[in-house]
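Protein chains in written order, with the numbering used here: chain A, 1 to 443; chain B, 1 to 479.
The set of hints was computed from the structure by calculation and includes no laboratory data. Bear in mind the structure is a predicted one, so any value in this text is a computation, not a measurement. Misleading hints may appear alongside valid ones.
Said to hold, decoys possible - Okay, derived cross-link-like pairs now, SDA-like style, lysine to any residue, Cα gap no bigger than 20 Å in a straight line:
| id | chain 1 | residue 1 | chain 2 | residue 2 |
| --- | --- | --- | --- | --- |
| 1 | B | Lys135 | A | Ser244 |
| 2 | B | Lys135 | A | Pro214 |
| 3 | B | Lys478 | A | Arg359 |
| 4 | B | Lys478 | B | Ala227 |
| 5 | A | Lys60 | A | Pro102 |
| 6 | B | Lys478 | A | Glu218 |
| 7 | B | Lys478 | A | Lys60 |
| 8 | A | Lys60 | B | Ser121 |
| 9 | B | Lys478 | A | Lys254 |
| 10 | A | Lys60 | B | Met126 |
| 11 | A | Lys60 | B | Asn38 |
| 12 | A | Lys213 | B | Gly476 |
| 13 | B | Lys418 | A | Thr389 |
| 14 | A | Lys213 | B | Asp232 |
| 15 | A | Lys213 | B | Met126 |
| 16 | A | Lys254 | B | Lys135 |
| 17 | B | Lys478 | A | Ser244 |
| 18 | A | Lys213 | B | Glu234 |
| 19 | B | Lys478 | A | Pro89 |
| 20 | A | Lys60 | B | Asp122 |
| 21 | A | Lys213 | B | Arg474 |
| 22 | A | Lys213 | A | Thr389 |
| 23 | A | Lys60 | B | Pro427 |
| 24 | B | Lys418 | A | Val360 |
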Amino acid sequence: MTDTAAIAERLVEMVGDRAEAQATVTTGEAALTRFANSFIHQNVAEATPAVSVKVAIDGKAARGTDTRTEDSALAALVERTLEAARLSPADPEWPGSAPAAPLPAIDNYDEDTAAASPDRRAEVVGRFIAAADGTDAAGYCDTEALVVGFANSRGQQGTTRRTRATIDGIHRVGTVAGSGHQTSVRLGDLDGGAVGALAAERFRLAADPFDLKPGEYEVVLAPECVASLAIFLAFYGFNGKAVSEGQSFLEIGKQQFDEAIDIWDDPGGPGALGLAFDAEGTPKRRLDLVRAGVSLAAAHDRKTAARVGGASTGHSLPGLEIWGAVPSDLVIGGGGASEAEMIAAVDRGLYVATFNYCRVLDPKTLVVTGLTRNGTFMIENGRITGAVTNLRFTQSFVAALCPGRVLDLGAEVRHADSEFGPGLVRCPAVRLASWNFTGGAEG
Amino acid sequence: MFDYATAAVEGALAAGAAYADARVVSTRTENIEVLNQNVQEVARAESIGVGVRALIGSSWGFFATAELSAPAARAAGARAAAIAAASARVPGPPVELADVPVAEAFWESPFLEHWAEVPLSDKVDMLIGVTATMKGVPGIALARAELGFFDTEKWFVSSQGHRIRQHIVESGGGYDATALGERETQRRSYPQSFGQYETGGYETVRAWDYPGNSQRIAEEAVQLLSAAECPDGEKTLILEGSQLALQIHESVGHAIELDRILGWEAAFAGTSHLDLALLGKHRYGSEIMQITADATIPGALGTFGFDDEGTPAQCVDIVKDGLWVGVLSGRDSAARAGLPPGGMVRGDGFNRLPMVRMTNVGLLAGDSSLEEMVAATEDGVYMATNRSWSIDDRRLNFQFGTEIAWEVKKGRLGRMLKNPTYTGITPQFWAQLDMLGGEAERIHWGTPNCGKGQPMQIGHTGHSAPAGRFASVRVGVKG
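Hey, can you work out the whole structure from these sequences and the hints?
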């Protein structure tokens with residue numbers, strides 16, 4: 001295995017005393033088996049190193065990346081990045097490199113998953129497809145193994161790693177579909193048959209949908225919908241850059257959410273997929289963002305932390321530092337209800353399996369428009385009475401979770417996919433007092 | 001580099017592939033971002049590697065490695081074949097490939113001033129100046145400007161004898177000004193949101209006169225805070241060119257992708273409302289709607305010499321006199337549908353499987369002008385510059401927001417409107433197209449951030465569009 005930390009240290013040595021330097025080297029293999037029309041049609045894998053070095057000369061900073069790890073390529077990367085830094089104006093907010101600090105003992109890694117063959121992924125896919133007869137199944141099973149090495153000129157250095165495996169798919173006929181999803185650190189945990197059975201059950205319930213008049217409805221949102229809410233709260237709200245620029249809704253110390261809501265970011269612990277440090281080498285740890293509905297904190301990298309006179313929380317995103325500091329191991333705490341119990345509590349409302357194509361209309365109020373997908377169901381008198389065609393919504397994600405609006409939280413907290421990728425959010429289903437649907441299939 | 005691609009193909013064939021192709025791709029990029037006169041990012045990236053595609057039975061196998069040597073390339077080919085073979089555990093109908101000419105060629109996108117030859121300090125200084133002008137407007141909190149550049153070389157080899165080298169240079173960028181209200185943010189962007197990108201050198205950036213528009217953009221952002229809300233209801237809607245370009249991208253470009261129509265993207269990107277049985281019969285829009293997918297337009301972002309299957313770039317009719325007549329396709333999807341291959345398959349770098357991608361999917365010019373559209377409108381809204389976009393998985397039900405709008409009353413532009421949105425259903429919406437700008441107002445807009453596929457790929461696509469008018473559209477949807 002490539003010694004990523006050694007390469008990172010080599011880069012820092014090459015920079016020497018000519019500049020501050022931080023280097024990150026990521027290696028590993030990612031593989032994805034994709035199926036549609038109930039057979040595997042695209043099956044891919046890659047082993048692409050990512051080498052990144054950031055240098056700063058009296059605050060004049062530049063970043064360079066490459067896919068090569070041999071010494072001559074590393075030297076060329078260092079020289080062209082130094083040249084770019086020399087030609088850049090100083091950044092008055094350059095926060096300096098992270099100090100040397102102990103790293104947490106986080107190791108979300110499974111050797112069996114890292115070595116997974118395409119045959120293993122095909123087995124999971126086969127069981128997903130076999131869970132229903134007469135449908136067109138589509139989706140993917142993937143495995144990912146990352147090893148990340150870091151070093152900087154202040155002596156911080158280390159290695160962290162993780163694996164992830166996901167099965168995600170639908171059973172469909174024509175425009176009627178049901179979905180299922182499972183993510184774990186271990187491929188061996190994935191139960192393609194059970195996930196396929198859930199998708200098949202939702203597909204059966206989704207038959208013969210009718211057009212519902214748009215309006216405000218009480219909703220039970222499955223975890224995949226809640227994951228979309230969490231992602232938008234993280235990127236637009238808990239992001240220290242958005243906060244410091246006045247573009248976030250976040251008001252620390254204020255009761256902005258229902259008292260049932262707890263949100264935190266945690267790279268470790270059972271079920272987590274996080275790494276031990278962030279893109280700047282800052283150790284990662286649990287960060288409480290919302291407790292009992294009260295906003296407690298934003299996520300920060302070194303630059304945004306300096307703006308508010310605080311310390312980095314370890315949330316600089318590798319390669320995406322320009323976006324700010326974003327929690328990427330989010331957890332929304334669960335409650336005590338099962339999804340069936342939440343549905344049973346609804347007189348008239350909707351159960352939604354997934355959201356799709358969510359986009360922000362206003363970042364500060366976090367008004368988002370999007371659509372329902374792969375299962376939207378009418379609930380009447382505590383039971384699902386039929387399927388509804390996909391609906392468009394236009395809804396503030398903050399207002400939806402504000403005091404008095406969260407009626408129930410599911411007991412099961414699990415990894416839930418959103419349209420932005422797997423492994424970012426663990427959350428329960430929720431029952432909300434209202435959701436603003438603004439259009440149906442016919443506009 | 002051809003030797004590495006050849007070794008990869010040989011490795012795949014030796015491991016049992018019925019067909020194989022490989023691309024060595026070398027990419028250099030430069031990105032600069034400035035916020036409030038301070039440089040936020042100067043990033044230079046290089047990548048090089050080989051990606052090999054092997055076909056066995058009903059599935060493609062693909063493997064990519066950044067290790068460039070003949071043994072590593074050969075091993076990558078063998079891995080691709082083994083991955084394809086594993087797909088046989090869940091088999092389907094065998095993949096067939098439509099015939100294309102076997103080419104040995106070199107193609108280069110024209111450019112006058114390569115971006116790498118322009119001093120970094122010149123680019124940074126220009127962006128700092130633009131943000132200084134915008135930040136100087138009272139009420140502007142955030143003045144952001146960016147430039148992005150790409151230089152891509154590809155060496156393509158197939159087991160059928162293709163041997164093609166391409167060199168594509170792309171340049172672009174843009175800026176935006178944000179004004180913060182107590183409970184709202186208002187933003188204006190130039191030349192369009194997310195920047196305007198084209199094939200070409202730094203001359204494409206100079207042509208947009210970044211400094212000359214920065215004061216106006218910032219003033220408009222501030223004015224939006226006190227502007228009236230966009231009213232709701234059915235209105236005549238005039239769309240500025242870049243917004244119409246995105247409307248084409250979302251409600252035409254993705255809908256005509258043959259892989260979506262065939263269900264290959266069903267679980268993620270989605271399918272399409274289009275049914276191949278209705279090709280040549282389905283009315284997509286009004287009779288003035290003429291759309292082509294033209295990969296040969298000089299300077300447009302979706303222009304190339306050959307796609308990543310070695311098929312020559314071409315211009316294909318998509319909507320003719322309002323009728324749906326064409327699709328975006330590759331060799332496998334075209335063979336499955338019994339259609340000619342369109343040469344529209346591209347991959348995002350060496351480490352992604354090439355897939356059906358938009359080229360330059362755009363409107364041909366009409367015979368009107370923005371001035372005439374406004375003059376001919378009794379009660380309407382003119383919307384400009386995208387702010388949000390959302391459309392369903394069949395590309396039917398959409399809702400767009402734009403940064404700014406103006407009321408149109410009795411043939412004149414009136415007061416500024418904020419938070420404009422409009423919504424519709426694809427064929428009904430396009431059926432309302434009743435006026436379209438002429439060639440003088442048509443711009444080859446570029447979209448540098450089109451996401452598709454698993455693993456995710458970012459595509460560069462072009463969309464030619466002037467301004468257009470739609471007779472009756474629901475506007476002013478609120479949250």
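A quick look at each hint next to the structure:
1. B:Lys135 x A:Ser244: holds, 17 Å
2. B:Lys135 x A:Pro214: It is violated: about 42 Å lies between the C-alpha atoms, which goes past 20 Å.
3. B:Lys478 x A:Arg359: holds, 14 Å
4. B:Lys478 x B:Ala227: The given pair, whose Cα atoms are some 16 Å apart, holds under the 20 Å limit.
5. A:Lys60 x A:Pro102: violated, 28 Å
6. B:Lys478 x A:Glu218: Between Lys478 of chain B and Glu218 of chain A the Cα gap is close to 19 Å, so the pair holds against 20 Å.
7. B:Lys478 x A:Lys60: Not OK: Lys478 of chain B and Lys60 of chain A at ~44 Å, beyond 20 Å, violated.
8. A:Lys60 x B:Ser121: holds, 12 Å
9. B:Lys478 x A:Lys254: violated, 26 Å
10. A:Lys60 x B:Met126: With Cα atoms ~17 Å apart, Lys60 of chain A and Met126 of chain B stay inside 20 Å; holds.
11. A:Lys60 x B:Asn38: With a Cα-Cα distance of about 11 Å, the restraint between Lys60 of chain A and Asn38 of chain B holds, given a limit of 20 Å.
12. A:Lys213 x B:Gly476: holds, 18 Å
13. B:Lys418 x A:Thr389: violated, 31 Å
14. A:Lys213 x B:Asp232: Status holds; Cα separation ~18 Å.
15. A:Lys213 x B:Met126: Between Lys213 of chain A and Met126 of chain B the Cα gap is close to 52 Å, so the pair fails against 20 Å, i.e. violated.
16. A:Lys254 x B:Lys135: Roughly 31 Å between the alpha carbons, so the hint for Lys254 of chain A and Lys135 of chain B is violated.
17. B:Lys478 x A:Ser244: Roughly 27 Å separates the two Cα atoms, so the pair is violated.
18. A:Lys213 x B:Glu234: Status holds; Cα separation ~18 Å.
19. B:Lys478 x A:Pro89: Cα-Cα ~43 Å, so violated.
20. A:Lys60 x B:Asp122: holds, 16 Å
21. A:Lys213 x B:Arg474: Holds. Lys213 of chain A to Arg474 of chain B sits at ~16 Å (cutoff 20 Å).
22. A:Lys213 x A:Thr389: holds, 10 Å
23. A:Lys60 x B:Pro427: violated, 52 Å
24. B:Lys418 x A:Val360: Within the cut-off at roughly 15 Å; holds.
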